[in-house]
Amino acid sequence: MQTYETILSLVIELVKPLAPPGREVREDTDLVSDLEFDSLRVMNLVEQVEDRFDVSVPLNILPDIRTVRDFTVQLQRIIGGN
Amino acid sequence: MAIFDKFQQLAATRRALAENGIQSINVVMDRMVSATEAIVNGRSLILAGTNNYLGLTFNPECIEAACDAVRTLGTGTTGSRVANGSYSAHVQLEHDLAEFFGRRRVIVFSTGYVANLGMLSTLAGPGDVFVIDGDCHASIYDGCRLSGAEIIRFRHNDPADLDKRLRRLGGRIENTLIVVEGIYSMFGDRAPLAEIAAVKRRHSGAFLVVDEAHSLGVLGTHGRGMAEEAGVERDVDFVIGTFSKSLGAIGGYCASDHPELDLIRYASRPYIFTASSSPSIIASTRKALGILSSQPHLRRRLWDNAHRLYTRLRDLGYHLGPEPSPIIAVRFDQREHAFTRWSGLIERGVYVNLVLPPATPDGSSLLRCSVSAGHTPEQIDTIGNAFADL
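Same order as they appear, the protein sequences are chains A and B.
Under our numbering, the residue at position 53 of the first sequence is numbered 53, and the numbers go up by one with no gaps.
Under our numbering, the residue at position 36 of the second sequence is numbered 36, and the numbers go up by one with no gaps.
None of these hints come from the bench; they were simulated from the model.
All figures in this text were calculated on a predicted structure; none of them were measured in a lab.
As a list, the in silico SDA-like pairs of lysine to any residue whose alpha-carbon atoms are at most 25 Å apart:
id: 1; chain 1: B; residue 1: 6; chain 2: A; residue 2: 64
id: 2; chain 1: B; residue 1: 164; chain 2: A; residue 2: 43
id: 3; chain 1: A; residue 1: 16; chain 2: A; residue 2: 67
id: 4; chain 1: B; residue 1: 164; chain 2: A; residue 2: 47
id: 5; chain 1: B; residue 1: 164; chain 2: A; residue 2: 74
id: 6; chain 1: B; residue 1: 164; chain 2: A; residue 2: 7
id: 7; chain 1: B; residue 1: 164; chain 2: A; residue 2: 13
id: 8; chain 1: B; residue 1: 6; chain 2: A; residue 2: 38
Whole structure, please, built from the sequences with the hints as guidance.
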């Protein structure tokens, strides 16, 4: 089982290339208001995360994800479930 | 966030369109001249942005059937299919479609959107899983959402990605529905349905739903769509489609061999709580289905036109969808480039659909052209000339 910290660090690593240049990505970074993610960019991130962790992320959880922390928490749940 | 704040981005896009003189979402057809021509703001336009694939909207037999139905059955049913809105013509159309598809059962819905909403929201529920192609139509997403089932998206037209996601589901496979389309509405590309059906067979227990909205009457020797074209009709559990494209009316259907389809009528809220289609619509659709079945030359003419325009636009250097199709998407990275060309086409007497993100799959802006069997070769050349002249 991967720890929250390991998953968080990998999520931040995957978010960074999708963020506007020079924008800091932290645990409490809001994907939409801080990084200006649109639906296309969110789906791009989801696909990368799915490949990296070999999981499928249900679309149903996306409305509950605002921050990098939210995504990490959900991901840990999905990985744990698998 | 205040209640109307969420609309500010839409307001900004609308302002940008207006500043560029674009009225693409407010085009009003003042008069229809034929299946392929209309008068807009006093200007005669060739319609190259419809879904009128077989050009049947002005077919004299369809019009006569619709007029006769209005005279004998009235203008509307004023009720649901499960109340006072099932006329013998609705039932007959279901029989016609069942025979056409070689399926045991068919349900007719009032629109194609409602067909997806009604079927998908009812077929699955909490605890079930939808695995859908990422480029599926909004009605598929909405139907899946309404079901309460888990929704997993696989990469567009990627059977290997679908396979991987089905594998991850393990023991949940018997509660899984795969949903794809025959032809995708934005880029006009076909599903690799033979490969998708093979993946489905490998994961025994999963169900396959194919939305043939844009492929009915367009693909297959008999016009039954992508599943017929790919030779995998037996692998498809539910065929969903619409009357608002090749059949030139409005409405939707689902065909299946599963006996449980009849039970959907009693459980599907979008089916139950919608008035049934007007008798005139049912009558023209029945006639159009007969024409679709008996006049394969319409399909050949459609494809001749599709190849003619696709080749012309490709030779002009436009960035197009991946394959020739009755839907030909001209792609632009900058929406302003799409704006100016859309206006330029109107000035040259050609109407196409302007499609902007997020309605497009990859964030590009599209001039979505569509051709019809009703277009003459001269009209296709006029459309090509207008693009050449931009």
